[in-house]
Amino acid sequence: MNARWFSLSRWLGIVGKEFIQLKRDRLTFGMIVGIPVIQLVLFGFAINSDPKHLPTAALIADRSEFSRSILAGLRNSDYFAFIGEAADEQQADRMLAEGKAQFVVSIPADFSQRLVRGERPALLLEADATDPAATGNAIAAVNQLAQTVLAHDLTGPLAALAATPGAFEVRIHPRYNPEAVTQYNIVPGLMGVILTMTMVMMTGLAITRERERGTMENLLATPATALEVMTGKIVPYVVIGLLQITIVLTLAWLLFTVPMQGNLLTLYLAVLLFIAANLTLGLTFSSLAQNQLQAVQMTFFFFLPSILLSGFMFPFRGMPNWAQVVGEVLPLTHFLRIVRGVLLKGNGWSEVFPDAWPIALFMLAVSAVGLRFWRSTLD
Amino acid sequence: MNQGVAGSDVVIDVRGLNKHFGSNHAVKDLALTVRRGEIFGFLGPNGSGKTTSIRMLCGLLTPDSGEGTCLGLDIVRDTREIKRQVGYMTQRFSFWEDLTIRENLRFVARMYGLNDSAGRVESALDHLGLKQSADKLAGALSGGWKQRLALAACLLHEPQLLLLDEPTAGVDPKARRDFWDELHALAARGITVLVSTHYMDEAERCHKLGYILDGRLLAQGTAKEIVASQSLVTWAVTGDDLSALADRLRKLSTVEQVAAFGSTLHVTGADAARLDADLAPLKAEQGGHWQRIDPGLEDVFIHLMRAAGAEETTAAAA
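Protein sequence lines correspond, in order, to chains A and B. Read in this note's numbering, the first sequence has 272 at position 272, and its numbers run on one by one without any break. Read in this note's numbering, the second sequence has 1096 at position 96, and its numbers run on one by one without any break.
Treat the hints as calculated values from the structure; they're not laboratory data. Glycine included, each C-beta is placed from N, C-alpha and C at the ideal position. Careful: at least some of the hints might be erroneous.
Looking from chain A toward chain B, a few residues come up when the C-beta cut is under 7 angstroms (computed) [stated by the list, open to error]:
1) T215
2) T222
3) A226
4) E228
5) T231
6) A365
7) A368
8) G370
Residues of chain A clear of chain B, computed beta-carbon distances all greater than 10 angstroms [unchecked claim]:
9) I35
10) F45
11) Y237
Per label pair, the in silico range of CB-to-CB distance [to be verified]:
12) A:E212 with B:A1188: 55 to 61 angstroms
13) B:A1118 with A:L293: 35 to 41 angstroms
14) B:R1092 with A:I247: 46 to 52 angstroms
15) A:V369 with B:A1188: 47 to 53 angstroms
16) B:A1118 with A:L264: 51 to 57 angstroms
17) B:S1023 with A:H53: 52 to 58 angstroms
18) B:N1115 with A:I194: 40 to 46 angstroms
19) B:F1021 with A:V37: 45 to 51 angstroms
20) A:L242 with B:E1081: 33 to 39 angstroms
21) B:D1172 with A:I247: 46 to 52 angstroms
22) A:L264 with B:G1119: 41 to 47 angstroms
23) A:L364 with B:R1092: 47 to 53 angstroms
24) A:I20 with B:G1221: 46 to 52 angstroms
Bound-form chain B, shown alone (with noise of 0.2 angstroms):
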């Protein structure tokens, strides 16, 4: 592929970006590819970095070091122009409690400057569904409103650059759905957004995802090569007795995860051979039905975060 049309379509090209807040390392050394139009999911446990990571992208924070770009703009240097092309959505609902619905947007409108404000207001308040409660007050919201009406204040300024920290927290399943429905209509149109969830739901529908664990991004991809990076085996178990397998699974070295779904147990190890050689007695023992299925991305994250947490006591021993 010519390298020059690529470029043109790479929306977020960040490397080597740090930031410590006193003696805490929060981001390390990410490097980030974002094409135009893609969903990119942000993955990792709490305090893992990616809120700090998106503040870096959008001008809230100033790496430490490290350069690159957002929107063809550099995200030390432009940051004023990084802010006025990005929408940014908060991890916390954000938005002025004691203003109205309206007022709200009304106000993002004249931050960004934008012409035919009230014009503008009144077409996202239809297309939100909001204008026979646009004058009640934005606390008086309930959670799935509240993240809608701060889509819609991030779309206003029409971003091309979407960045969205969790931002179905503690949103109902119905609610969820027409928000992702809507990110795919968004991105459909050739707007970029870049969201960080911990719900295994939404990461399968992201199309591409990074994991980020202590600040360090551990793997970086599309779901498929994700999991396929890691080479993991995982065994699906039916049968009686599972809790009683699952303490004796979990005794066995060469088994990282043991996890109950209802009235199924996965299985799931790094070493396909000595899994096997492992599992082998038992199944025998056991019997029910054991089934080779393909790890879960929630699978490849948990052995992620097992592996950096094993590095991390080696080097602490050593």
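So that you can see chain A by itself, here it is in the shape it has in the complex (with noise of 0.2 angstroms):
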């Protein structure tokens, strides 16, 4: 070739320069490792659209011969995974409430008695249907159930109560989101994803850029206290967060008619402790990232399990365990618990608290880390 318009030894010479730079720049070296491998792990293994051995508590009036094949065939049927017994009714409602319990299997008093009967009984499944995709196979399931569970228990007088439509009705009670709308279970949860992404990438930013600028320097040599320093540059942010999270429920409940059973109060406290959460860790960056690239790369580290394992963009219970483990352990997934919580169902304090803790754990532990680097970067 003309070596005038393509120099194949200048080529290579600019081939090997790209090479050598990304050799030394660690963290995007990193990532372009690191992001196949997370999200091959993530949706090869940990995402399951079918989740099964959903927590399931039983409200149990009727202690029968019936009862315990049904509970049996739920259990087999790999779908449901009992956990205990609720005592009344208050506790079952609670234990949905908390999340505790994805469904409730209720047995009224009269059941045996009016299944002999050839009386068609219900048997009520209430499910916290906040993540429509979290139930639906499930359902489906018990209703394929309800046909076959009882063939061995209606032998001889009782066979013809075996035939078709079955000896007792399965009554679905979807709760929180009867109607099955996606836009419920996402709105609420795109709360918590916009705050993450903003939140820890903006603080990230904000110092590294003037470290970036010099201007640091210029900052730290007025009587200004690191401590001035720090919280003056994350206030402005709070407020971006809080005017965000006012947006998104504004126009959820505009454009989707997204329902706020909840206290609005008790909202904006945990939004407002997930915001110091994630400002918390787009401190650490700061203190941890050379220049504003790496704290925009850290923050895509950190974002991409955010979205994939907090229960966001696919039921949380269809993870595997360790998967789980980690989706624990991120702010996002408890914050999405207590936003869907409050606007669907209601919850209060009480409900919340469980997933409110973790969150304030999640930030000492950060803050703890960011503190120990800080220091380096002043002297």
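From these two lone chains plus the hints, build me the complex, please.
This is the structure in structure tokens:
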């Protein structure tokens, strides 16, 4: 080829230089390798759109052969994992509200009596349907199960009952989001995702920007203390975060008519806690990052698992144990539960608390790391 | 002289300052005394420890060891008070380019908690001659104006001591001249200035100089004292075919430096008698005009650098 237009050795020089620079930029290199690995592992192993072993509470008013068979049948379907019996309806409600149980199976008092009489009694299956994707398959399985589960018990004189349409009826009661509107689940989730993205990245950038431009030195040469600088730089982003949440809430209400069952004050307090946790992480990133690009890269490293493992994109209970453990660490996971709980279930502080303290704990752990590295960057 | 009176006149007084960055010993046993109203020039090659030293003086870095005072305040314990009373100008322009000139000055005024900050900012703008363009972004200023803005910002809180880290790098000669006139005006008002620079003409405008190399302060005093302390000999040669002569001179062991200044060659050595002996045959052969002149500061600094380099090689060999 004409060396004037294209010299192979010149071109190889450029390629070579690019690789040398890539090799030196360890964080970018890490992203090149890390992102496909993370995505593959998460999508390949962790993400399961057919969640099984969903925690189920039983509310049994009629202890009979039939009840036992039905519960055993549910368990054998692999969709339901019984976590215990609820003493009464209040307790069952609470288990659903706190998210401890995804389902409550209720067997009414006169169930076996009416079944034997051929009156097709109803078995009540209450579902926490905030995330329609998490419950859909399990509900479908129950309907099928109703046809077959009692085949062994209905022998002799009762054999006729086994014929279609089945000896009993399954009444599904999808709570909190009865029409299975996807937006009801996604829109509150978006609040958390938006906050995670902007809060972590913006604080990360705000401080690395000062360092990159050399203005940090100037700031520190004035009598301003590190505490004043840090907090002074964070507060504007708290305001931005609250503004973002208000925008999302307003739009959610206007465009998607997402219900607001709970107390707005509770919600905003939880939002503040979540913002604080993300800002702390952003600050920690900024004390680790050498420049703005690295701060952005670190944000993505955190953002990716957050969005995939928190239950935002895929049902949390569809993930294998290890992924759930990782998910439990992430503040977004808990924030999603809080927001969905407050908006859709009308949860108050007592139900919010179990998901609030893990966020606070995350914040403490991250700030400990941040403080450790922060000192070394001043001196 | 009475010790007590002299003591009150000392603005910077530090001893035995050391600073390490990892395995890099950036500043070694720095001892420095600067008096009120002095312009003290801090010289030395890049990476020799000038910036680190200045940062330790203004409380931005904590020395690993050593002690001393700045404006009578302890440089380790009283860093907050030092920051309040010292004006520090960073090597790189470090004001906010996305703020206007006025906003930058107002911000700095608030950081120092100045009363009548608005008034001070306006008079600073007047003094700078930037009243008309005060609402322009600082990033839009040229190098010389950025430097003037930085100086004005450093002076807002009326510091008694100015620490300037290579303030004139990348600034044109006229702006440099004006800048130094301003420094002398400040010094005349009793403000002490410590300024680092690479320019020899600026070094000549300082009252006192310090030369730092590899973290060690090698010489301190007036320009005259420093030149005299090294007792160098310099010959100025004019004539034909100087580049061939320069090559021959460089081969002589007694010749330390050969530098061409236009049509003149400066030949410098440390040992006058032996240098004369070595030069004699060349003088006879070459002809031209040979004249003994006073060595310049630059010759002395290069001599110090070479001496330190030679020491290091012997130390490494041993």
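Taking the hints in turn, this is what the structure says about them:
Checking T215 (chain A) against chain B by beta carbon gives a least distance of about 5 angstroms; that is within 7 angstroms, so the hint holds. The beta carbon of T222 (chain A) comes within 4 angstroms of a beta carbon in chain B, closer than 7 angstroms, and the hint placing it at the interface holds. Hint on A226 (chain A) is violated. Least Cβ distance to chain B is approximately 11 angstroms, over the 7 angstroms limit. Proximity of E228 (chain A) to chain B is violated relative to the hint, the smallest CB-CB distance being about 9 angstroms (cut-off 7 angstroms).
For T231 (chain A), the interface hint is violated, since its Cβ never comes within 7 angstroms of a Cβ in chain B; the closest pair sits about 15 angstroms apart. At its closest, the beta carbon of A365 (chain A) sits 28 angstroms from a beta carbon of chain B; the interface hint therefore is violated under the 7 angstroms criterion. Violation of the interface hint for A368 (chain A) is found here, the shortest Cβ-Cβ separation to chain B being roughly 22 angstroms, above the 7 angstroms cut-off. The restraint placing G370 (chain A) at the interface with chain B is violated, with a minimum CB-CB distance near 20 angstroms, outside the 7 angstroms limit.
The beta carbon of I35 (chain A) is kept farther than 10 angstroms from every beta carbon of chain B, the shortest such distance being approximately 32 angstroms. Against chain B, the non-interface label of F45 (chain A) holds: every CB pair exceeds 10 angstroms, the least being about 41 angstroms. Residue-level check passed: Y237 (chain A) sits 17 angstroms from the nearest beta carbon of chain B, beyond 10 angstroms. Judged by the Cβ atoms, the range 55 to 61 angstroms given for E212 (chain A) and A1188 (chain B) is violated: they are separated by roughly 39 angstroms.
At roughly 39 angstroms, the beta-carbon separation of A1118 (chain B) and L293 (chain A) lies within the given 35 to 41 angstroms, and the hint holds. In this structure the hint that R1092 (chain B) and I247 (chain A) lie 46 to 52 angstroms apart at CB is violated, the actual value being about 39 angstroms. Range check, V369 (chain A) to A1188 (chain B): Cβ separation about 52 angstroms, and the 47 to 53 angstroms hint holds. Evaluation of the 51 to 57 angstroms hint for A1118 (chain B) and L264 (chain A) yields a failure: the beta carbon distance comes to about 41 angstroms.
A beta carbon spacing of about 56 angstroms between S1023 (chain B) and H53 (chain A) agrees with the range 52 to 58 angstroms that was offered as a hint. Checked against the hint of 40 to 46 angstroms, the C-beta distance between N1115 (chain B) and I194 (chain A) comes to roughly 43 angstroms, which is consistent with it. In this structure the hint that F1021 (chain B) and V37 (chain A) lie 45 to 51 angstroms apart at CB is violated, the actual value being about 35 angstroms. Take L242 (chain A) and E1081 (chain B): their Cβ atoms lie about 38 angstroms apart, and the range 33 to 39 angstroms holds.
For the pair D1172 (chain B) and I247 (chain A), the supplied restraint of 46 to 52 angstroms holds, since their beta-carbon distance comes to about 50 angstroms. Taken as a hint, the range 41 to 47 angstroms holds for the pair L264 (chain A) and G1119 (chain B), whose Cβ atoms sit roughly 46 angstroms apart. A hinted range of 47 to 53 angstroms is violated for the C-beta pair L364 (chain A) and R1092 (chain B), which are about 36 angstroms apart. Taking 46 to 52 angstroms as the suggested C-beta distance range, the pair I20 (chain A) and G1221 (chain B) conforms, at roughly 47 angstroms.
Going down the numbered hints, you'll see the structure goes against 3, 4, 5, 6, 7, 8, 12, 14, 16, 19 and 23, while the others check out.
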